[in-house]
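The listed protein sequences derive, respectively, from chains H and A.
Take the first sequence: its position 7, counting from 1, is numbered 7 in the working numbering, and each next residue is one higher.
Take the second sequence: its position 68, counting from 1, is numbered 1068 in the working numbering, and each next residue is one higher.
One or more hints might be untrue.
With a straight-line Cα cutoff of 25 Å, these simulated DSS-like cross-link-like pairs (lysine-lysine) come out [to be verified]:
1) A:Lys1018 to A:Lys1057
2) A:Lys1065 to A:Lys1018
3) H:Lys99 to H:Lys56
4) A:Lys1069 to A:Lys1057
5) H:Lys99 to A:Lys1069
6) H:Lys99 to A:Lys1065
7) H:Lys99 to A:Lys1057
8) H:Lys26 to A:Lys1017
9) H:Lys70 to H:Lys26
10) A:Lys1017 to A:Lys1057
11) H:Lys99 to A:Lys1071
12) H:Lys26 to H:Lys56
13) A:Lys1017 to A:Lys1069
Derived coverage of chain A by chain H (criterion: at least 3 residues anywhere in the stretch with Cβ under 8 Å from a Cβ of chain H; other residues may be distant) [claimed, not checked]:
14) 1034-1048
15) 1099-1112
Simulated from the structure, these hints should not be mistaken for laboratory data.
For glycine and all other residues, C-beta sits at the position ideal for the given N, C-alpha and C.
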Amino acid sequence: SQQGEEDPQALSIQEGENATMNCSYKTSINNLQWYRQNSGRGLVHLILIRSNEREKHSGRLRVTLDTSKKSSSLLITASRAADTASYFCATDRYSSASKIIFGSGTRLSIRP
Amino acid sequence: EAQVTQNPRYLITVTGKKLTVTCSQNMNHEYMSWYRQDPGLGLRQIYYSMNVEVTDKGDVPEGYKVSRKEKRNFPLILESPSPNQTSLYFCASSFTGRDTEAFFGQGTRLTVV
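Make a model of the complete structure from these sequences and hints.
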């Protein structure tokens, strides 16, 4: 069963624009994480936000978390060609924190 | 260099022929996990281990076995592979699992014919 669902499934924007991806989940969580995957390669951790946090920044990344709506968003500002990748949210389950559940991802393409 | 190493990177095998995909990490992580990635389904957790000799099922454990005899190694065993196990497999490790970042291997692309 999938815990996180990303939206949109695919996103294409012009270089320099901002990209926003959303993640919704079903059950209460302890933490939510975002990962990036370049084509066919291993995932790379971007940012972790805890359930008692509402917003977090890391460089050009901004993550928000709304536990009442069971949703999170990832904003990438001033996009670059190198940001072209798939982005996944990952959540644990409050009741079974050892299981980490990934969504199906958003494919982001940056047009030059 | 901190890393998770999977081998092999690519494997083509026949139905029913037992195989093992190895995974090793050099970060002294307690938590290790295996995922499979299929188009449109994202990553699904197969098995995870919270420490040596402690393993548990993820969401799609059928047809797979794991063992954790040493902290650094977490092999994935397919006793009798079938074509529906054709997939891209990832091993990952982290300090505790839920609240620390996971480090991923480069993946093993398995084809079962």
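Now the hints, each set against the structure:
{"no.": "1", "hint": "A:Lys1018 to A:Lys1057", "verdict": "holds, 20 Å"}
{"no.": "2", "hint": "A:Lys1065 to A:Lys1018", "verdict": "holds, 11 Å"}
{"no.": "3", "hint": "H:Lys99 to H:Lys56", "verdict": "holds, 23 Å"}
{"no.": "4", "hint": "A:Lys1069 to A:Lys1057", "verdict": "holds, 17 Å"}
{"no.": "5", "hint": "H:Lys99 to A:Lys1069", "verdict": "holds, 21 Å"}
{"no.": "6", "hint": "H:Lys99 to A:Lys1065", "verdict": "holds, 17 Å"}
{"no.": "7", "hint": "H:Lys99 to A:Lys1057", "verdict": "holds, 9 Å"}
{"no.": "8", "hint": "H:Lys26 to A:Lys1017", "verdict": "violated, 38 Å"}
{"no.": "9", "hint": "H:Lys70 to H:Lys26", "verdict": "holds, 7 Å"}
{"no.": "10", "hint": "A:Lys1017 to A:Lys1057", "verdict": "holds, 23 Å"}
{"no.": "11", "hint": "H:Lys99 to A:Lys1071", "verdict": "holds, 19 Å"}
{"no.": "12", "hint": "H:Lys26 to H:Lys56", "verdict": "holds, 21 Å"}
{"no.": "13", "hint": "A:Lys1017 to A:Lys1069", "verdict": "holds, 23 Å"}
{"no.": "14", "hint": "1034-1048", "verdict": "holds (count 8)"}
{"no.": "15", "hint": "1099-1112", "verdict": "holds (count 10)"}
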